[in-house]
Amino acid sequence: MTQAAKRRRSTLVTLGFLAPWIIGFSVFFAYPLISTVYFSFMHYDGFRPPTWNGSRNWSYVFTRYPLFWPALRNTLWLVVVMVGTRVVFGLGVGLLITRIKTGTGFFRTAFYLPYLAPPVAATMSFAFLLNPGTGPVNHLLGGIGLPQPGWFNDPSWSKPALTLLALWGIGDLMVIFMAALLDVPKDQYEAAELDGAGPWQRFRYITLPNISPIVVFAVVTGVIQTMQYYTQPIVAGKVASGIIGNSGQQFEPGYPQQSTLTLPQLVYNLAFQRFDTGSACVVALVLFALAMACTALLMRRRGGLIQAGD
Amino acid sequence: MSRFHRVCSAVAVIAATALAAGACTGQSTGQAGDDPNKDVTINFWHGWSQPNELKAINGDIAAFEKAHPNIHVRVVPNVNDDKINQALRTGGSDSPDVISSFTTDNVGKFCSSGALVDLGPFLRKSGIDPERTFPKPMLDYTAYQGTRCTLPLLGDAYGLYYNKDAFKAAGITAPPRTMSQLKADAVKLTKSQGDSYARLGFMPDFHGYESTPAHYVAQWSPTYFDAQGRSQTAKDPAFAKMFTFQKDLVNSLGGYAQLEKYRSTFGDEFGAKNPFHTGQVAMAIDGEWRLGMAEDAGVKFPIGVAPLPVPDDQADTYGKGYITGTVVGVAAHSAKQNAAWELVKFLTTDTNAVVDFANAIHNVPSTLAALKSPRLKLDPNFRTFLEIAQNPHSNTTPASPNGGQYQVTLQDFAYSYESGKATDLQAGLRGVDQQVDRDIAQTK
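Going down the list, the protein sequences come from chains A and B. So in the working numbering, the last one in the first sequence is 310, and the numbering has no gaps at all. So in the working numbering, the last one in the second sequence is 754, and the numbering has no gaps at all.
Since the hints were derived computationally from the structure, they do not count as laboratory data. For each residue, glycine too, the CB sits at the ideal point set by N, CA and C. Careful: at least some of the hints might be erroneous.
Partial list, derived from the structure: chain A residues whose beta carbon lies under 10 Å from chain B [stated by the list, open to error]:
1) Asn-153
2) Pro-256
3) Phe-272
4) Leu-285
Among chain A residues calculated to face chain B with C-beta under 10 Å, some are [what the hints assert, rightly or not]:
5) His-43
6) Asp-45
7) Arg-56
8) Asn-57
9) Lys-101
10) Thr-102
11) Asn-131
12) Thr-134
13) Ser-241
14) Gly-242
15) Pro-253
16) Gln-257
17) Tyr-268
18) Gln-273
19) Arg-274
20) Ser-279
No more than 20 Å apart at the CA atoms, straight line, and that leaves these computed lysine to aspartate or glutamate pairs for EDC-like [to be verified]:
21) B:Lys-571 to A:Asp-154
22) A:Lys-238 to B:Asp-391
23) B:Lys-731 to A:Asp-154
24) B:Lys-365 to B:Asp-578
25) A:Lys-238 to B:Glu-605
Given the sequences, and given the hints that come with them, work out the whole structure.
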């Protein structure tokens with residue numbers, strides 16, 4: 001067997017072992033991505049064959065589609081505020097539960113259970129709890145003389161209300177952080193205590209560097225999940241607006257006043273309700289680019305964090 | 311690059327191109343060459359889900375199968391428009407041959423894209439003259455630019471519901487006939503309680519369930535598009551007059567913020583705790599279905615029904631209202647279009663089928679013969695809706711190539727305007743027109 005034939009045989013064997021991944025990657029990632037790019041330049045209503053549309057879909061989305069920029073702003077707000085508060089809160093709950101001596105099982109269960117609630121049911125419950133007219137939360141706030149926000153009915157409170165809902169379902173992050181915190185070597189804390197390090201210094205110089213890969217993981221997955229945020233704002237908007245899309249009514253995306261409109265809602269609305277697959281693909285590609293950019297940024301930052309820890 | 315790598319790259323490029331090209335699906339492949347006398351099974355997707363509705367539609371289908379023993383109907387209930395859209399796009403043996411939709415919004419897309427077949431040739435073949443069979447407003451909302459791709463299958467008419475006890479207590483002897491009377495009665499019927507209401511005469515907010523911009527403005531007989539298909543909400547004074555009236559009504563009843571807070575105490579529109587049922591509002595815009603729902607909810611007070619008031623300068627058109635309804639059509643990809651047409655023909659034109667269905671689900675019959683049928687169960691309140699449906703001034707929202715998007719755009723502005731976020735009415739309506747035109751241009 002010649003050298004070239006050996007190399008070819010080796011390459012084929014390698015490709016054979018890689019085949020399951022290559023097929024999966026091609027079918028579930030490359031093909032949809034190529035199709036999305038392709039359709040973003042086509043006029044395609046799903047009924048008739050697609051026709052070349054040049055950059056019209058792109059210019060429509062960026063310059064003539066009034067919902068795109070509010071949806072982008074809302075998505076970025078949620079990525080920064082919701083992901084940020086979820087990570088901080090999840091870490092806080094994890095720290096609390098790894099520190100407490102009694103009732104650990106109860107608190108673990110209490111914090112984890114809400115995560116198991118189906119998103120639609122959880123959102124509906126929150127919409128009723130936070131109802132400005134009849135909800136118990138405003139009743140309590142009023143009872144102690146505090147202002148009573150409009151929550152899901154008020155454009156300035158609707159995203160904070162969604163953030164509260166996300167914090168309620170913190171169970172996933174709590175479990176991840178608990179595992180990471182329990183994995184930090186105890187001897188490092190003991191050495192630091194002997195050197196006179198206080199609680200904040202121990203957290204800053206021991207806990208944080210040790211769990212930084214988990215923090216980055218939580219942020220990256222949180223960013224990706226938030227980029228796909230769809231169910232909760234739709235359900236909250238529908239329940240709070242009272243418009244459920246029956247005869248004679250048009251559902252208002254992003255109720256109230258587009259404050260809960262996110263990019264995935266636009267993708268669905270454009271592709272499946274307005275029959276504009278091309279523009280939907282443009283929004284989908286913007287989402288993809290944003291997710292890639294955020295992930296790349298965070299991964300670079302992760303290297304920095306680990307270096308700092310080391 | 312070695313030859314092997316070049317071959318791999320070429321295969322990858324070809325595969326990617328083939329995959330991308332393969333995505334170009336959704337073309338109509340159906341035909342009307344099937345023999346409707348052969349033994350065949352057709353799929354019928356509809357949105358009805360309540361037990362009484364299912365019993366009624368299944369009764370109609372049983373009657374059809376009895377009359378056409380060779381055609382079997384496989385029914386898929388409780389299907390919404392999003393699912394129907396997808397099924398019409400993808401086709402396949404399990405996809406629907408016949409679809410029905412509760413909204414008329416997508417008729418423009420269905421007709422212009424060819425997703426549903428033009429029923430004109432089928433009607434001619436069956437000797438059915440649409441003009442002599444269906445009420446004109448219903449004919450209008452079931453076709454788009456000359457293509458009749460759907461037919462009406464029962465209709466909905468909107469009127470004014472009022473609480474007779476509240477009227478009596480307030481000394482009001484008759485329902486309002488003009489918009490100024492509506493305002494006066496709404497104020498008179500409203501009972502304040504702190505910074506809220508013990509009872510509101512009328513919920514004017516655009517989120518107040520059926521008090522949507524489209525339902526309001528129908529009383530001003532608007533023209534949404536000009537002859538060239540351009541949006542003209544700023545040009546047609548009907549829209550500005552409606553917005554001005556609604557804003558004035560909102561202010562007269564306590565203002566937007568107070569009304570919105572009160573609105574958040576309302577129960578579900580289609581549940582027993584609807585604010586009209588509970589007495590939270592004394593008057594409400596609603597469709598004819600409310601009669602049955604109120605009865606089921608065990609409403610304690612006597613209910614009155616009247617046409618919606620009209621603008622003071624259009625008093626002679628009193629009796630009109632917004633109308634819409636369920637539409638039914640045949641999928642273009644169906645390979646059994648003749649058999650599917652037989653079902654559509656039966657459901658939409660068989661007088662007994664239409665009347666029985668209307669009686670069962672408290673909807674307006676959709677044929678001229680059914681409207682006059684002695685089998686029709688008539689109580690005085692329901693008769694009001696039949697009259698609204700037949701009123702020559704009654705109107706609906708026109709079909710558009712991108713569904714109901716133009717209504718969403720108008721509605722978005724309406725929310726901004728009533729809340730005070732937008733203050734310049736004419737500039738806002740011009741913005742609506744520009745956006746609607748841009749959206750439609752993008753669809754074409």
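To see whether the hints hold, each was checked on the structure:
| no. | hint | result |
| --- | --- | --- |
| 1 | Asn-153 | holds (6 Å) |
| 2 | Pro-256 | holds (8 Å) |
| 3 | Phe-272 | holds (5 Å) |
| 4 | Leu-285 | violated (15 Å) |
| 5 | His-43 | holds (8 Å) |
| 6 | Asp-45 | holds (6 Å) |
| 7 | Arg-56 | holds (7 Å) |
| 8 | Asn-57 | holds (8 Å) |
| 9 | Lys-101 | violated (44 Å) |
| 10 | Thr-102 | violated (42 Å) |
| 11 | Asn-131 | holds (6 Å) |
| 12 | Thr-134 | holds (5 Å) |
| 13 | Ser-241 | holds (6 Å) |
| 14 | Gly-242 | holds (6 Å) |
| 15 | Pro-253 | holds (8 Å) |
| 16 | Gln-257 | holds (6 Å) |
| 17 | Tyr-268 | holds (9 Å) |
| 18 | Gln-273 | holds (6 Å) |
| 19 | Arg-274 | holds (5 Å) |
| 20 | Ser-279 | holds (7 Å) |
| 21 | B:Lys-571 to A:Asp-154 | holds (10 Å) |
| 22 | A:Lys-238 to B:Asp-391 | holds (17 Å) |
| 23 | B:Lys-731 to A:Asp-154 | holds (13 Å) |
| 24 | B:Lys-365 to B:Asp-578 | violated (24 Å) |
| 25 | A:Lys-238 to B:Glu-605 | violated (26 Å) |
Consistency with the previously given hints fails for numbers 4, 9, 10, 24 and 25, ordered from lowest to highest.
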